[in-house]
Amino acid sequence: MIAIVDYGMGNVASVRAAFEKLGYQVVVTDDHQLLREASHLILPGVGSFQAAMAEIEERNLKQLLIQLAKSKPFLGICLGMQLLFEEGTEGGHSSGLGLIPGKVTRIQTPYILPHIGWNQLTVTDLVPSFQDFNEAFVYFVHTFAAETAANYIVATADYGTDVTAIVRNKNIYGIQFHPEKSADIGSRIIKTFLNEVQV
Amino acid sequence: MIAKRIISCLDVKDGEVVKGTNFVGLRALGDPVEMAKGYSKAGADEIVFLDISATHEARDTIIDIVKDTARQVHVPFTVGGGVRSIADVNRLLQAGADKVGINSAAVTNPELITAAAERFGSQCIVVAIDAKKFADGWHVMTHGGRKDTGIDALQWAIEAETRGAGEILLTSVDTDGVKSGFDLALTTAVVQRVKIPVIASGGVGHPDHFAEVFKATDVSAGLAASIFHEQTFSIQAVKQSCREQGVLVREA
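Same order as they appear, the protein sequences are chains A and B. Take 1 as the starting number for the first sequence in full-length UniProt numbering and just add one per residue. Take 1 as the starting number for the second sequence in full-length UniProt numbering and just add one per residue.
Where hints are given, some of them may not hold.
Straight-line alpha carbon distances no greater than 30 Å define the calculated DSS-like cross-link-like pairs of lysine-lysine that follow [said to hold, decoys possible]:
#1 A:Lys191 - B:Lys67
#2 A:Lys21 - B:Lys41
#3 A:Lys191 - A:Lys62
#4 A:Lys191 - B:Lys41
#5 B:Lys67 - A:Lys21
#6 A:Lys103 - B:Lys195
#7 A:Lys191 - B:Lys37
Please keep in mind that the hints were generated in silico from the structure rather than gathered at the bench.
Required output: the full structure, derived from the provided sequences and hints.
Right under this line is the structure:
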């Protein structure tokens, strides 16, 4: 059973549907016991970094998520991906989950923000199975992005600067764009994550 | 690089997609969710539902449509039409809409843009502007393009951005339905004044009209409704035309 962490940041119907479409049983919950029992943890989210961390702490989820990320396949999507990092600067400085070194800052680009639309991935050689997605179009909506070391970066997108698109630290993955809104490619990316983290 | 977006717009009344927004001689075209799925499969980069229902009862049906679309359609979608309050925005987002379009209510109550952007984030707030050319410039029009508010459309676009809009859906009342192409002058004027994505709307009659607006302006997306419904030409025909003219579009 896959658990989508419910912490009040945005609707998760599409994320849920994306995993169900691949034949998985999905629960959307903030119940600690259910999260412990889950095979995979998905941290979605739309909104601001600071507000999201406040919601997570209000539900006493911070320490639990950090602990569970040591042993379970873990995927952060969009804001959920940003929360994997040590620090966010949206709405003032705040600490993230610290599961991947780095911080989340406003994108420095000559182009208009938010970065909205379908952009192409440039895939690094960190995780070979993601090579299939080099130059694939996926759907982004964000203004802030992760700054991290190259050894965590699976893919970037060119938006006047290299925007971090997919990251990995062991069993922990983060996807900045919306795979659940990225048509068939998005579904294949989720499947590749699930295959990669199979234990 | 980021691709130019081709957006398919569906006008929904009482739970059905209808042709035209003139409220006269509306023709039911089909089920909104099925049609959205069809356009998504056909390569549309985004779907817009414009709810033109007049009654509160009918407005509840759009919520069910949004819920089903969120589950079944795997491209982003925006819902607009009759959005008047924070509660309306919240209801649509909670049902699973990616973005909510605000039109007339933003004109009468600009504070709604500010409040919605603060509460839900700019990325999901689209301000729809219907503009018409007058001797002294473009005016913001309401009531389906029939009522002149006297407000300068370019100033209004800037204000919408300042208040936190994440995108502007710009419809030219002058070119809408004329099928001779997007309003290049209006689109250029707005794009030059804001730093958020602008979606051009109104006037498509040929696949090349998309490439035309993408080459002539820095607009982020083009939207069309009836020509796709009437199957005058397909989304793929538009994308093919864009590619031939060197405009980057998503392969799908």
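These are the hints, each one checked on the structure:
{"no.": "1", "hint": "A:Lys191 - B:Lys67", "verdict": "holds, 24 Å"}
{"no.": "2", "hint": "A:Lys21 - B:Lys41", "verdict": "holds, 16 Å"}
{"no.": "3", "hint": "A:Lys191 - A:Lys62", "verdict": "holds, 27 Å"}
{"no.": "4", "hint": "A:Lys191 - B:Lys41", "verdict": "holds, 20 Å"}
{"no.": "5", "hint": "B:Lys67 - A:Lys21", "verdict": "holds, 16 Å"}
{"no.": "6", "hint": "A:Lys103 - B:Lys195", "verdict": "holds, 25 Å"}
{"no.": "7", "hint": "A:Lys191 - B:Lys37", "verdict": "holds, 21 Å"}
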